[in-house]
Amino acid sequence: MENVFRVKLKQQVIPAILYLTFLSGFFGSTLAYPKLSYLFAYRIFLAFLFFLIFIDLMLNGIELKSFLNFSTFFLIGWCAYSLLSFLWAQDVKSAARDQVFLTINIFVILIFMYYSKYLRWDVFENIMLISFIIHLAVGYLEVVTDKHLWTSKVPLYNLHRTPSTFFANPNDFATYLVLYLPFIFTVAINKSDNNFFKKWAAFLGAVLAIPLLILTTSRANYIGFLIALFVYFLLASKDQKKSLLQYGAIFLVFLVFIIGFRLDFGAFNKVVEMIKIQISSLTDFSQTSLSSNVRRELLVVYGLSFLYDYLFFGVGSGNSRVLMEKVKQYTVNVELHNWFLDVLVSYGAVVFILYLVWIFYLLYNLFKIREKSSTLSLSAISLMSSISAFFISSVSSSKMIEMRVMWFVFALSLFVLAKTKEKKGEY
1 MENVFRVKLK
11 QQVIPAILYL
21 TFLSGFFGST
31 LAYPKLSYLF
41 AYRIFLAFLF
51 FLIFIDLMLN
61 GIELKSFLNF
71 STFFLIGWCA
81 YSLLSFLWAQ
91 DVKSAARDQV
101 FLTINIFVIL
111 IFMYYSKYLR
121 WDVFENIMLI
131 SFIIHLAVGY
141 LEVVTDKHLW
151 TSKVPLYNLH
161 RTPSTFFANP
171 NDFATYLVLY
181 LPFIFTVAIN
191 KSDNNFFKKW
201 AAFLGAVLAI
211 PLLILTTSRA
221 NYIGFLIALF
231 VYFLLASKDQ
241 KKSLLQYGAI
251 FLVFLVFIIG
261 FRLDFGAFNK
271 VVEMIKIQIS
281 SLTDFSQTSL
291 SSNVRRELLV
301 VYGLSFLYDY
311 LFFGVGSGNS
321 RVLMEKVKQY
331 TVNVELHNWF
341 LDVLVSYGAV
351 VFILYLVWIF
361 YLLYNLFKIR
371 EKSSTLSLSA
381 ISLMSSISAF
391 FISSVSSSKM
401 IEMRVMWFVF
411 ALSLFVLAKT
421 KEKKGEY
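According to the UniProt record's numbering, the sequence shown is numbered sequentially starting from 1.
Everything labelled a hint here was simulated from the structure, so no lab data went into it. Being a predicted model, the structure only gives us computed values, none of them experimental. The C-beta atom is built at its ideal place from N, Cα and C for all residues, glycine as well. Warning: the hint list may mix true and false statements.
[Said to hold, decoys possible] List time: in silico DSS-like cross-link candidates among lysine-lysine, alpha-carbon distance up to 27 Å:
| id | residue 1 | residue 2 |
| --- | --- | --- |
| 1 | K368 | K241 |
| 2 | K117 | K238 |
| 3 | K117 | K198 |
| 4 | K65 | K419 |
| 5 | K421 | K372 |
[Claimed, not checked] Here are the simulated distance ranges between beta carbons:
| id | residue 1 | residue 2 | range |
| --- | --- | --- | --- |
| 6 | F230 | F5 | 44 to 52 Å |
| 7 | I250 | L64 | 47 to 55 Å |
| 8 | F230 | A80 | 20 to 28 Å |
| 9 | A80 | I44 | 26 to 34 Å |
| 10 | Y33 | E335 | 23 to 31 Å |
| 11 | N333 | Q90 | 30 to 38 Å |
| 12 | L204 | L87 | 34 to 42 Å |
| 13 | I134 | I250 | 17 to 25 Å |
| 14 | F312 | D122 | 39 to 47 Å |
| 15 | K372 | L156 | 47 to 55 Å |
| 16 | Q90 | L9 | 42 to 50 Å |
| 17 | I44 | K8 | 33 to 41 Å |
| 18 | F48 | F251 | 41 to 49 Å |
| 19 | Y157 | L304 | 22 to 30 Å |
Put together the whole structure using the sequences plus the hints.
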């Protein structure tokens with residue numbers, strides 16, 4: 001009886017709770033009572049998941065054989081260095097706050113890898129599709145009604161008909177759309193899945209996501225979307241390219257029909273003008289009005305100057321914001337608005353270089369899966385497209401360390417690598 005419980009715990013119960021944790025992660029603090037916003041569904045499921053894993057490790061022990069690899073060493077090392085940076089951090093409270101986010105998200109990544117044997121990609125794929133459609137529905141409701149969920153900060157920015165859905169701001173929502181659109185493409189063109197409804201739900205979801213992405217006015221994510229699309233098409237096989245082109249042709253015919261008969265009521269022209277304004281703003285370095293580009297430029301300059309002051313060891317976990325407060329009169333923002341710059345400034349040159357090496361290591365191994373594995377090749381393409389777009393899209397959001405959807409992409413990458421590994425330490 002005891003052996004049955006052990007097996008069910010590891011193979012059924014923990015995966016089920018992990019799926020629920022993954023699902024609730026896409027909706028954040030919206031799934032909480034407003035007066036207890038810190039206690040939302042994701043955190044509840046995650047705490048329960050940690051508890052079950054603790055029991056599993058006590059009963060079944062730790063299976064280190066498939067767990068000791070470059071990814072594990074780097075992630076645990078990053079977490080340890082972040083703790084070490086408390087020694088020179090100016091604000092320990094801010095350091096502790098970011099340490100919690102970093103540690104929890106790294107644990108989630110390691111859990112995906114550790115229990116990969118008992119997890120299924122198709123379940124993750126279905127969760128991503130369902131979550132994506134829900135986000136789109138809420139996004140269009142926000143655009144039509146100009147009302148937002150209680151967790152959104154859009155009303156504070158005095159923005160109108162700008163979607164943010166379950167995120168705090170439009171930039172975070174745009175980043176989510178770009179990072180997860182490749183997975184939606186995969187559902188639409190996957191010939192091994194004959195579910196007609198699912199395929200067309202994915203196709204419509206991909207199409208309907210584009211207007212919402214445009215309405216977020218997130219320039220970095222416009223570019224990120226094009227990168228994701230380009231990388232996906234580049235890596236796709238001939239048959240997959242054919243499917244993508246077929247869906248693209250259907251979309252273009254529909255678009256021409258709508259515009260030709262003026263059924264868009266002038267919306268297309270407005271969208272074109274909006275995109276033109278956003279693209280032209282990329283070259284706006286006006287110092288008199290302190291444009292967004294100038295502020296971003298100043299954030300980079302001051303961030304690197306603080307890094308230099310700390311001899312390239314990093315200013316300490318969570319302390320980039322503390323130091324940027326000192327120059328807020330020049331930058332306006334205190335967040336670096338660049339995840340890679342934030343990693344460099346907060347954790348130093350060594351962690352930053354290892355982080356880049358780790359990402360390219362993931363991309364390299366995912367590319368090998370795309371070449372060899374027929375079952376997970378599309379998954380690998382989706383992940384490579386998402387990570388490629390992430391290099392640009394991560395510039396948009398201000399607090400990426402808190403953004404679960406980013407960490408989920410890396411968790412899924414390690415899950416796919418663990419599923420297809422052939423020898424110890426290959427990923």
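Hints versus structure:
Restraint check for K368 and K241: the C-alpha separation of about 19 Å stays at or below 27 Å, so the hint holds. With a CA separation close to 31 Å, the supplied pair K117 and K238 exceeds the 27 Å bound. Distance restraint check for K117 and K198: the Cα-Cα separation of roughly 26 Å lies within the 27 Å cut-off, and the hinted pair is therefore satisfied. This hinted pair checks out: K65 and K419 have alpha carbons roughly 14 Å apart, not beyond 27 Å.
Restraint check for K421 and K372: satisfied, since their Cα atoms lie roughly 11 Å apart, inside the 27 Å limit. Separation of F230 from F5 is about 50 Å and conforms to the stated range, judged on CB atoms against 44 to 52 Å. Distance hint check: the CB atoms of I250 and L64 are about 50 Å apart, consistent with the given range 47 to 55 Å. Distance hint check for F230 and A80: the Cβ-Cβ separation is about 37 Å, which falls outside the suggested range of 20 to 28 Å.
Evaluation of the 26 to 34 Å hint for A80 and I44 yields a pass: the beta carbon distance comes to about 28 Å. At about 28 Å, the CB distance of Y33 to E335 agrees with the hint of 23 to 31 Å. For the hinted restraint 30 to 38 Å between N333 and Q90, the CB-CB distance of approximately 19 Å leaves it violated. Checking the proposed 34 to 42 Å range against L204 and L87 shows it is violated: the Cβ atoms sit about 53 Å from each other.
For I134 paired with I250, a C-beta distance near 24 Å keeps the hint of 17 to 25 Å intact. Hint check: F312 to D122, Cβ distance near 45 Å, so the stated range 39 to 47 Å holds. Between K372 and L156 the CB atoms are about 50 Å apart, so this pair conforms to the stated range of 47 to 55 Å. Separated by about 44 Å at the C-beta atoms, Q90 and L9 satisfy the suggested range of 42 to 50 Å.
Range check, I44 to K8: Cβ separation about 22 Å, and the 33 to 41 Å hint is violated. At about 42 Å, the CB distance of F48 to F251 agrees with the hint of 41 to 49 Å. For Y157 and L304, the Cβ-Cβ distance of about 28 Å falls inside the hinted range of 22 to 30 Å, so the restraint holds.
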